[in-house]
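The primary structure of each chain is shown beneath.
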Amino acid sequence: MLNFVYPAFLWAGAALTVPLVLHLLRRPVSVHLVFPSIRFIRKGPLPHTGRRRLQDVLLLLLRLLMLAAVILAFAQPEWQSSGAKDAAATAEEEKQPAGGVFYVDASASMSGRDSFRKATDNINRILEQHAGAPFGLVVYGKEERVKVPPTAKHEKIRNALRNTSPSLFAGKHAAGLRQAVELLPGNGSPRLYIVSDFQQTDWQLQDPPELPPRAKLQFIDVFPESPSNAGIVRVSSTALPEGGLQLMAEVLNYGDQSTSRQIRLDVGRTVVEKKVELSPHERKRVNLTSREKLPSKGKVRLNDDDAYTPDDTYAAWLGQAPPIRILAVVPFNKEPSKENELFFVRKAFSVRNKYDPYQYRVEPVSAELFFSTDLSDYQGIVLMGAGGYLRDRGFKKIGNFLNNGGVVFSTPGRAATQQLLKLRRQKLLDIQHNGRQNVSVGGDAVYINQLNDDTVLADAFPDPHDTDLFLFPIRRYLRLAPSDEIDTLLKAGENMPILMSRSFKAGGKFYLSAVGFTPEWSDWPLSSSFLPVLRETFAPDRLKRYSPVKRINCGAQVALPQEADRSKKSGSEFLDTSEPAVEVVAEQPYEINVPRSESVLRQQSRIRLRKELSPQEGTSANVRGQAVQDVHREAAADTAALWPYCAMAAALLILGEMFFLTLGSANGGRQT
Amino acid sequence: MARIAVHGLLPGLHRSAYPGGGCEFRQYRNYTPGDDLRNVDWKLLAKHNRYYTKIYEDETNVNCLFLLDASGSMGYKGTRSPCSKLHYAATAVAVLAYLALRQGDRVGLVAYNSVGPDGLKTNRFQVNVPLSGNSDQLYRLSANMQRLTAQGQACHEEALNYAAQKTGGKSMIVVLSDFLEAEDRIKPLLKRIRTAQNDCIVLHVLDDDEIDLPFDQTTRFCDSESGNSVITSPPQVREHYTLEMETFLQEIQRGCREAQIDYLRTQSSQDVANILAAYLHHRRSSYSC
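Quick mapping for you: the protein sequence lines, in order, are chains A and B. For the first sequence, my numbering begins at 1 and goes up steadily by one. For the second sequence, my numbering begins at 1 and goes up steadily by one.
The hints are all genuine.
Computed beta-carbon distance windows for the label pairs:
1. L20(A) to R185(B): 54 to 60 Å
2. Q197(B) to P45(A): 51 to 57 Å
3. P7(A) to V230(B): 55 to 61 Å
4. P45(A) to S142(B): 45 to 51 Å
5. R185(B) to P45(A): 28 to 34 Å
6. V230(B) to L20(A): 31 to 37 Å
7. L20(A) to H240(B): 35 to 41 Å
8. L20(A) to S229(B): 31 to 37 Å
Facing chain A, a subset of chain B residues (Cβ under 8 Å, in silico):
9. S73
10. Y76
11. D178
12. Q217
13. F221
14. D223
15. S224
16. N228
17. V230
18. T232
19. S233
20. Q236
21. H240
22. E244
23. M245
In case anyone wonders, no lab produced these hints; they're calculated from the structure. For each residue, glycine too, the CB sits at the ideal point set by N, CA and C.
Please build the complete structure, drawing on both the sequences and the hints.
Next up, the structure:
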């Protein structure tokens, strides 16, 4: 089977079009030349066109082949023989019984149709060939599954293999190989048999162990003969307003052949099916709709098994998204009137409609207690005039929150000057405060009159004149002069900024209002435009810290949140990720599925692996001469590097091109 | 610079056809009444008892007229040449004019082609700078030559006839041209110039490309003067071309030799100073002999 060490170089094949285009563009045309006198220049016979064209085509072919050979040489093709052949060849070669250790890959990719069975068969065959020789066994996935020290009683190994199966985790072979190397017998020339499908994502070894010089390495490849694999990459669900559920399943064909599969949502008594046609390496989204009310946990499946069955099933969360948690920081003691603001904000966030699948939860905290609040579970913060009462420590906390994708909305209070001073000192917002403007009773109130179309509010107010955004009077506001890095969303009066924002790294955003959300400041909280402004700034798709569902791989270590710790019974601090499932911890759903990296149908280069595991094979010390020869022989039987042939072909083609050019210039001096 | 005696008005470095009040002794002749008694050689009278009068060389200046071909073919600039043939010839004119003016000669310039100074096809020359020995004559020549453009066809007859009439004989006429397609016409004209006892130099200006036709690619050659064109593969006609060109050059050279005119072939890739220095050196040495 032909493989490439660096398949990305094959994209350079697009460069083959360059000489082709040049050939088509550079037609043989005569050059126009103004000459002093043409009296002595006679109309000579022109070069034979047909012959020249033939030469051109040959030259083009040579150049295309040369370029292709160079690209292939860089991509490093290698020919790999199948595992069965390897095992048979090994059995033939091994006349003398010798001990060794079998290292069996038990990562999720081995749980295909016949990979693990093929591995067991190969090991049994070798054991039969070497009856009486001591053999050990290490079956390793993400962690050790079976470990049998070298023994001449092969039945132990057979039993161990019979009673084990591949895991659902991605493999960590560097650690497993280290255990296998430790088991290698100390006398003779033991062999380390690596039985695996050599799936590429698993075999990117970090800090691999080094084989002892006397040991020999033998690869037994159990990669499927004609691999085909399709899997479900992710599933997301949306509740329909009229009831029921719509599912969007993303299906990917990892194989080189087209495939036709049936995708099926199977929850309780509800079954929804759809046929999906997939071209090679195609990723397709399939919609499944159910009008019935469904439980919150379900499984989506692809029928028919393939090279890697675990990715045919996806444990999906079908329930409601967890609420978006917003912390309202209120100076209850210093400014009791801010409780009104909390009321309006809570009211705005508590409004539900059937088209909006998300809900908000506003949790108030006193400004004095803000420093002790754990912000890790919150997606947004509303500072209701509380900024002036927070200490530097509190602002540092807010800075971290913003830099981790959080959204903060701040309104002014009595301590607005201190608030803006501290914000500038902490380099969160650089805004100059020019005092507070109060409109006296009977005076002319100010109205919002500008909306910046480049900001988040443009979606909520496509035509602001049709809403009451420009209609409510503002009686009190801060006169602010923001710096250049701050965007102004709303303006009132004569270019007076009312709502400003600044973006932070990782998607964090700080909004500052020059108007408080109480009737003393304006009628804004009483208007219908108040709700869209608030909800648009805390929209779920803009909250980087919010994920309706957390998708994790089997075997991943996920610490449980504190609230879950308080109610846990099992005593474990980590989520159970041993099997595909849907878990809900502290209202946060987790979709646990087998790693999709295991689905990739691409093998790691055996030559590279051999170099990583036994770098001494390059030296030719007399003591190890025989072993080195063996290693080379195995490498030749296992994989054959083809790039030297490609390089040689490229060199020959360059010589051929030079010959043609010389021939061309000799036959009429045609310039090329 | 001049090899034969020329007639001139002002004293210069050239020998005059008329013996006179110079200071360099030329010959004796028998005394005839009326000769200046100051020139009678009294020593010979005392020795031979016969009267001899001493004749001295008189040094005069010379009229030097440059005839510069400004036809279209002179505008060619090959790949190996730093400038066009016209530019090259103009440089040679400037060099020679400078030398002539330094020794007190009068110089003039006629640049000719079939297109007049106003762009119309007339018989007037494109540039006509009258003979003068003023100090600013070189500047005038240079300024006029800078305005020259190679165009039209060469009208050698008009230019050489004009030179013969204007100088009235015994002047120096320098013709700078590529003489393409003019080898038959040019011979009688040169003979006429020479018959009028003018000293004449022919500077045959060529480009390297014209000599060997070095092109490889199939080319459509367009005649710079007539506008006719021909498509050919230069490698296939090169041999024939070089033979024809050689015949043409020999024809021009033979014509000059028959008219006893100095012929100097130059290629625009060569250094004009070296070429002229070598020629003037050769000319001086042959004069001394």
